[in-house]
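So the protein sequences, as listed, match chains A and B.
Just so it is clear: in the first sequence, position 331 is 357 by the working numbering, and no numbers are missing.
Just so it is clear: in the second sequence, position 194 is 234 by the working numbering, and no numbers are missing.
Read the hints as simulated data drawn from the structure, not as lab findings.
Since the structure is predicted, the reported quantities are computational estimates derived from the model, not experimental observations.
Treat each hint with caution, since some may be false.
No farther apart than 25 Å at their CA atoms in a straight line, the calculated lysine-lysine pairs in the PhoX-like style are these [to be verified]:
#1 K42/B / K294/A
#2 K38/A / K187/B
#3 K595/A / K247/B
#4 K187/B / K596/A
#5 K635/A / K187/B
#6 K294/A / K174/B
So, partial list: chain A residues that the calculated Cβ filter (under 8 Å) puts toward chain B [what the hints assert, rightly or not]:
#7 G215
#8 Y285
#9 L287
#10 I292
#11 L387
#12 A388
#13 L398
#14 M448
#15 S449
#16 K619
#17 G622
#18 A625
#19 G629
#20 G642
C-beta: ideal position from N, C-alpha, C; glycine also.
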Amino acid sequence: MVSDVALNAPGKRVLLLGNEAVARGALEAGVGFASGYPGTPASEVLDTLVEVAKEFPGLVSQYSVNEYVALETAIGASWSGVRAICAMKMVGMNVASDPLFTFCYCGVGPGGGLVIVNGGDPSCISSTNEQDNRYYGLHAHMPVVEPSNPQECKDFTVTSFDISEKFDVPVMLNLTARTSHSLGPVVLGELKAPKEEGYFVKNWGKYFSALVIAVANKQKLLRNMAKLAEDYAYKTPLNRVLEGSRKIGIVTSGVSYNYTLEALDILKLYDVPILKLGLVYPLSKKLVAEFAENLDMIVVMEELEGFIEDELKKIAYDEGLSVKIVGKEYFSPAGELSVDDALTAYSKIFGVESPINPQELALKTFSFSSLLIMRTPGFCPGCSHRATLYAIKKAIEGKNYDIVWGGDIGCYANASLPPFNMSDFMVCMSAGVSIASGISFKSKKQKVVAFIGDSTFFHTGMPAVLNAVWNNADILIVVMDNGWTAMTGHQPHPGTGISAAGKSKAVDIAEVCRALGVDYVRVVDPFNLKHAISVFDEAFKQKGVRVVVSRRECVLQTMRKMREIEAEKKRKGIEEFYEVAEHICIFCEECLKAFGCPAIVVGEFEGKKVSKIDLGRCVNCSVCKQLCKGCAITHTKVWKNASIVEEAKA
Amino acid sequence: MKKVNIVIAGVGGQGVTTIGMLLKYAAVKAGIMVSGSETRGASQREGSVNSHVRFGVLEPGEEYDERRGIHSSLVPSGTADLLIGFEPMETLRNARYVSSNGIVIMNTYEIWPIPVRVGEVSYPPIEKFVEALKAFTPHVYTVNANKMADERYGGYTMAGTILLGIAYATGRIPLKTHHIEETIRERLDNPEENIDAFRFGYEEGKKLFNVKV
Ligand code: SF4
Ligand code: SF4
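Excised from the complex, chain A in its bound form:
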C-alpha cells in the first residue's frame, strides 16, 4: 500500500510487499534517483517509488526504455553525488551488464551509493530462464545482499547504500519472486530527505576507464572487496548465527532460511546451528571457519545454483577445514524450493521422521491428475491481441503459406497457446524480430512473421528493426500495440505520452518505423476485423520488411476508464450486452474454438449444443458478433428506466 510506504511514522508496524519494503528502505536511505525497466518480479520497486515521488520533492523516479539505459542514468546520478537505486528483473541484468562491469571498476560518486535491485525468478513463474545472478557479483566484483522477508528487504536496502559508499562499489540486492511478493509486517524507520541537487565532481582517474587507469581501478576494487570480505563481512549484522549443539549445521540465505526454520520447527529440531547469510558475497573466511569449528558437516540450502556451497568449499580448502559440505545433493538447482524440500532433506539428514509426508501428499494429488486439466493463462476477454491473431489467422486461411512465427515477451506470448499456436520460438525481448530476420536470410521458402509489443519495441526493438531494414530482411513485423507495458502492471513507455513524472511527448511507433527506413507501414484497429484482415492479407503478399501496427488499448485499462461510465449507465438503468440467439446458432464453434474468448462457453438449447455468452465475464468488445458465422450473436441495449426512455425520445 503506497500510502504506508510513504508514512512518516517511525516505529509504526505496517504490512508491505517485499518490493514495497525495498522502496521504503530506499526512502529511509534518502534515495534521490530511481530508475529501471518493469519486469516481474521486480516491477513494484520502481512503481512504488514513482507513486510516492510527489511526496518526496527531491526524488526523481523514471521508467527507462531498457535496463542498460536505466543503469547508465543511475550511474550519472550516483556520480553527481546522489544516492540512486535501479531495479530490474534478472534477465534485465544481462542487458545492463555492459555498463555494469566497468562501473564496478569506477565505483560510485561521493555520497552517491548505488543499489541495483535484482528480481530473480526460480521456477520461471514469469520468465524465460532461471539464471542465478549472484554470479554477476562474483564476475563483476560486486557485493550481493539477500534479504529473507519484507522487514529485511527494507533494512538491508538501507545497509546496502552504506556498503556501496563505504566500499566504493555498487551493491546488488538480490530478491527472488517469493521474497518480492511476500507480504509481511515491517517496522518503519526514519525517512531521510533526498538530496535535491547533485554535482558532478570531475575525477578523470576514477571515471575514465581505459588502459592503465582501468587496471588501477580494478586493483582498487579488488582491495575494497578484500577489505569488505575480511572485516565487514565478519562483523555485519546482515549475517547471523543461530546457536545449536548438533554436529551438523546449516548455511542458508533468502527464502531458503525461512523454509529451513519452518521445517526444523515441524521436525522439532531446535538445536541445529544455523548460519544465516544476508551478505551472500563476499563471504568472510573467519566467519565460516568459526561456524564450522565444531561441525562434522554443513548443509547448504539455497535456490538455483550452488553458489554459496561453492564459495564455502573454496574457503574450506584454503583454510584447511575438515568439515564436509553438501548442498546440491539434497536441493535441486532447478525450480523453486519449498518447506517440503527442506522437510524431506532435513528429516533424512538428521534422521527424524516428519509428521507430514510431502511426497505422499503430492502423490495423492497426482493420483487424481486426470481430473486436473492444465490451465494455461490466456488473453483476457476483450483483449485486442486475440483479435489481432484472429485477423492474421483469417488473412492466411486457405493460402497454404509455410509460416514461421517469431514470438516475444509480453501478454502476446500467449499467442503460443491454443487456439492460436502462433509462436515457434521466444528468447528475450525483441529477439523475435532479429531471429526472424536471420531465418528470412536463410530460409527463402518460408514466410516469416515476428511479433513485438509496444514497450518491447522501445526497449530493444528499434535497433532490431533497423538491422532488418539495413540488411533487407524479408519479414512481416506485427507490433501488438496495446498502449501500455501491460504485463507488468501498466507502466508507461515512450508511446503513451506519459512518463513517470507526468505528461510527456508521445512517440508514434509507425512514425519511428518509417524513420527507421521501413517502406511498408500500416496501422490497423483489430476490433475492425474486416479491415484488419484485408491489411494482413496484403502485408503477407509483399516482400521486404513490412510493419503492421495493430493498435487497440489494453482492455484492462479501458475497463478501468469505463468504470465511471458504467456506473452512470447502471444508474440510468441502461443495460448493454452481447448474446447468442440460441435458436439461430449453428454451433460452428468459430467463436468458441477459433477465437476462444473466455466469456464464450458451451450451452444447450432444445437438446442441442449452442454457444453461450457468460454475461458476467463479457466486456462487450463486439468482436464475436463480427466473426459469428451464423449471424447468431446480437447486441442489445435496453433502457430499463422508463423516464430515461422518455428523455431519449425527447
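Based on these hints, arrange chain B with the ligands on the given structure of chain A.
Chain B with the ligands in isolation, oriented as in the chain A frame:
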C-alpha cells in the same frame, strides 16, 4: 505459537489475491503475526493462481521465539486449516496443502480451461472433485458463490467476498468481524456492497455448517 494456515485458490481475475490481501491487512489490525505470498505477474488471466495466508497467534503468556515462529510465506503441504477454492478444479489442484483436519470450501462455479473449451476433454463432474478432496480431509463443503452473488447483486463481482464470509463462519479465521469489515472499508472499491456480501456469506456459512457438522 499457534500457526493458522489458509490457502485460497482460483483462476486469475477472480479476486483470489484481493481476498488474500484483505485477510493479511485485517491481521495487522488485529495485532497478530502474519505472512503470506501470492501468484503475481505475467498475464495470469485464466491461469491458476493462489494466495497463501499465514497467521501466528501467541498463546497466553508465550514469548516470541524465532525458531517457533512463522517464517515461510508459503504454507507447508498438509498444514492448511482452511482451503478456500474459488473454482472446483483449482481447489483440487491445491488439495495437498490442506491438513487432515482442515476445512475445504469449494465454489462450484466452473471456469473451463482452454482444452475443455475447445472440446478436447470434458470438465469432470463436481462429485469427482468432492470425492478426491475427501481423500485429504472429511470436511468438504460446496457452495455456488457466483450464483449467490448474481442473484443478490446482479453480477459476479461480490462472489469472492461472499466466499470469505462463508469461510469466516468456519471459525478457523482468528480475526474479529470488525477487523475484516474495517479492512474492507479501507481497501476495497465499493466497500458497502462488499461488507454486505461478507455478512451475507457469513450468515449463509452458519447455515451451511450447522446443517452439515
Ligand atoms: S463481446 Fe464477444 S468477444 Fe467480446 S468479450 Fe464479449 S463474448 Fe467475448
Ligand atoms: S460463431 Fe455464431 S454460430 Fe458459430 S458457434 Fe459461435 S455463436 Fe454459434
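The hints, checked one at a time:
A threshold of 25 Å between alpha carbons decides the hint, and for K42/B with K294/A the separation of about 14 Å falls inside it, so the pair holds. Straight-line distance between C-alpha atoms of K38/A and K187/B comes to about 42 Å, which puts the hinted pair past the 25 Å bound. Taken as a hint, the K595/A and K247/B pair is broken in the structure, with Cα atoms around 36 Å apart against an allowance of 25 Å. Of the pairs offered as hints, the one joining K187/B and K596/A holds, with about 20 Å between alpha carbons and a cut-off of 25 Å not exceeded.
About 22 Å separates the Cα atoms of K635/A and K187/B, which keeps this hinted pair within 25 Å; it holds. Taking the CA atoms of K294/A and K174/B, the gap is about 29 Å. The hint is violated against a cut of 25 Å. For G215/A, the shortest C-beta to C-beta distance to chain B is roughly 18 Å, which exceeds 8 Å, and the interface hint is violated. Among the interface hints, the one on Y285/A holds; its C-beta lies about 5 Å from the nearest C-beta in chain B, closer than the 8 Å criterion.
The beta carbon of L287/A comes within 4 Å of a beta carbon in chain B, closer than 8 Å, and the hint placing it at the interface holds. With a cut of 8 Å, the hint placing I292/A at the interface with chain B holds, because the nearest CB-to-CB distance is about 7 Å. Checking L387/A against chain B: minimum C-beta separation of about 4 Å stays under 8 Å; hint holds. Contact between A388/A and chain B, as hinted, is supported at the beta carbon level, the nearest pair being about 6 Å apart and thus within 8 Å.
Taking 8 Å as the C-beta contact cut-off toward chain B, the hint placing L398/A at the interface holds, the least distance being around 5 Å. Of the supplied interface hints, the one on M448/A is violated, with its beta-carbon coming no nearer than about 14 Å to a beta-carbon of chain B, more than 8 Å. Residue-level restraint check for S449/A is violated (minimum Cβ-Cβ distance to chain B is 14 Å; threshold 8 Å). The closest approach between the C-beta of K619/A and any C-beta of chain B is roughly 5 Å, which is under the 8 Å cut-off, so the hint is satisfied.
Nearest Cβ of chain B to the Cβ of G622/A: about 7 Å, under the 8 Å cut. The hint holds. Interface hint at A625/A: violated, since its Cβ lies 11 Å from the closest Cβ of chain B, which is beyond the 8 Å cut-off. For G629/A, the interface hint is violated, since its Cβ never comes within 8 Å of a Cβ in chain B; the closest pair sits about 12 Å apart. Annotation: interface hint on G642/A holds; nearest CB of chain B at approximately 4 Å, less than 8 Å.
Violation of the numbered hints given earlier is confined to hints 2, 3, 6, 7, 14, 15, 18, 19; the remaining hints are satisfied by the structure.
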